[in-house]
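Participant: Keeping their order, the protein sequence lines are chains A and B.
Quick note: the first sequence, position 87, residue 489 per the working numbering, numbers continuous.
Quick note: the second sequence, position 135, residue 537 per the working numbering, numbers continuous.
Hints are computed from structural coordinates only; laboratory data are not their basis.
Treat the hints with caution; some may be incorrect.
[Said to hold, decoys possible] Simulated DEER-style distance windows between Cβ atoms:
(1) B:Arg505 x A:Asp513: 28 to 38 angstroms
(2) B:Ala523 x A:Gly465: 49 to 59 angstroms
(3) B:Thr447 x A:Ala412: 31 to 41 angstroms
[Unchecked claim] Partner residues are not named here, just some residues of chain B that face chain A (Cβ under 8 angstroms, in silico):
(4) Leu457
(5) Pro581
(6) Leu601
If you're wondering where the values come from, they're calculated on a predicted model, not measured in any experiment.
Glycine included, each C-beta is placed from N, C-alpha and C at the ideal position.
Below, each chain spelled out in residue letters.
2 protein chains.
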Amino acid sequence: MTRVSSIPKATCLRLSLYLRHLDHAADQGSETTSSAQLAAALGATAAQVRKDLSLFGQFGRPGVGYQVEELRQAIRRILGVDRRWPVAVVGVGNLGRALARYREFAERNFDVVALFDIDPAKVGSRIGGVVVSSMEDMDKVVAECGVRLALLAVPAHAAQKAAEALVRAGVTGILNFAPAVVRLPARVVLYPADVSVLLEQLSCQVSAEPARPRSRRGKGGSALTARGFEVE
Amino acid sequence: MTRVSSIPKATCLRLSLYLRHLDHAADQGSETTSSAQLAAALGATAAQVRKDLSLFGQFGRPGVGYQVEELRQAIRRILGVDRRWPVAVVGVGNLGRALARYREFAERNFDVVALFDIDPAKVGSRIGGVVVSSMEDMDKVVAECGVRLALLAVPAHAAQKAAEALVRAGVTGILNFAPAVVRLPARVVLYPADVSVLLEQLSCQVSAEPARPRSRRGKGGSALTARGFEVE
Numbered sequence: 403m404t405r406v407s408s409i410p411k412a413t414c415l416r417l418s419l420y421l422r423h424l425d426h427a428a429d430q431g432s433e434t435t436s437s438a439q440l441a442a443a444l445g446a447t448a449a450q451v452r453k454d455l456s457l458f459g460q461f462g463r464p465g466v467g468y469q470v471e472e473l474r475q476a477i478r479r480i481l482g483v484d485r486r487w488p489v490a491v492v493g494v495g496n497l498g499r500a501l502a503r504y505r506e507f508a509e510r511n512f513d514v515v516a517l518f519d520i521d522p523a524k525v526g527s528r529i530g531g532v533v534v535s536s537m538e539d540m541d542k543v544v545a546e547c548g549v550r551l552a553l554l555a556v557p558a559h560a561a562q563k564a565a566e567a568l569v570r571a572g573v574t575g576i577l578n579f580a581p582a583v584v585r586l587p588a589r590v591v592l593y594p595a596d597v598s599v600l601l602e603q604l605s606c607q608v609s610a611e612p613a614r615p616r617s618r619r620g621k622g623g624s625a626l627t628a629r630g631f632e633v634e
Numbered sequence: 403m404t405r406v407s408s409i410p411k412a413t414c415l416r417l418s419l420y421l422r423h424l425d426h427a428a429d430q431g432s433e434t435t436s437s438a439q440l441a442a443a444l445g446a447t448a449a450q451v452r453k454d455l456s457l458f459g460q461f462g463r464p465g466v467g468y469q470v471e472e473l474r475q476a477i478r479r480i481l482g483v484d485r486r487w488p489v490a491v492v493g494v495g496n497l498g499r500a501l502a503r504y505r506e507f508a509e510r511n512f513d514v515v516a517l518f519d520i521d522p523a524k525v526g527s528r529i530g531g532v533v534v535s536s537m538e539d540m541d542k543v544v545a546e547c548g549v550r551l552a553l554l555a556v557p558a559h560a561a562q563k564a565a566e567a568l569v570r571a572g573v574t575g576i577l578n579f580a581p582a583v584v585r586l587p588a589r590v591v592l593y594p595a596d597v598s599v600l601l602e603q604l605s606c607q608v609s610a611e612p613a614r615p616r617s618r619r620g621k622g623g624s625a626l627t628a629r630g631f632e633v634e
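In isolation and in its complexed conformation, chain A is listed as follows:
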């Protein structure tokens, strides 16, 4: 299998979603799947699926399809989730606390092992079994825990400074839940995850839709046609 040096972001997202489908297929006891089935689960085309997977090597055989377990392990390797990732959460307000407690992360091989907050009243408390550390101890804790990925859940005004502290401590991938533009060195991978920014993407797309008749609220569920995440 070839490890490419830089995987396009849209491909990474589709790989995550293929993996969800393959996990589900494995749970159901399926041993093989096809590019058509993978495509249908995402609303992509079979050609797109074959193109994505061909980037990483030779998978699938004509007339047989893909071996679920083989493809699953290959995608886990490509996504880097064939190993466990220690993760830090910075800012333990409502959102940060929910992120710290979210069990699904561990099932996907992401372990929240470090929590940080600027509030002395929170430092030393435990959330989901992890002690909240002070921002001053970030370098030490990040190094000790081998953290390279972080969830930034601080208020907007604190985002830039907290992100820079993470980068200085050795973190190279950040999900930014703060509703703020954060500027970091190009070597750091930074994804926006602020829900209000994501909500604006919805309102932007819904606003731009052509007007439709009000009868859209019909109760018949049969009009639902296959379509998945809109991935460019």
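We have chain A; now place chain B onto it with these hints.
Facilitator: Below, chain B alone, put in the same frame as chain A:
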């Protein structure tokens, strides 16, 4: 100003981030800004900024730049956030409760006005002043509140059914926080917002990085150069 019928997703995202920069500039009392400043805040190029904004009409004057307040109002209009949006949250577990309580939404004109859960023990309780309704009452509550956007925060196995119920009730835009592939009619705008999917995007990109010397943990903050969200 021209209302385009379909705005590219990557443009929508940049517009949200321009708006964050303009909000910040307005807070600081700035009356004008430039494409170079907008570009620097996002790590985009000034040419990209000018191209994005030219899609929607004539903004800015040579030698003067953009009027912060004028551009801010225009982008709010384009994003559809010049009015308030009633929003529903489906599933009030840890994440759903945090989303229901998140004050930032209201500041960005998104009001959580409806909550739904399948658990009878939760139905009738209040979170952030909003009563939790049963899934059976979804049609009625969504219609009464005029909800068109929803945050789907149910477990993976419940995601498809809950999303279909939202669509039947009249919702046309959904952020999917469940770690599941959801298939909906093409007329519904659906964005993945599951944090474990987003984390896999980080691990994918960080894994694909070329190896770097370990000295990257140097303490000097001065090496931080301007770069914002990586937006295609």
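Participant: Need the list of violated hint numbers for this structure, in ascending order.
Facilitator: 3 and 4
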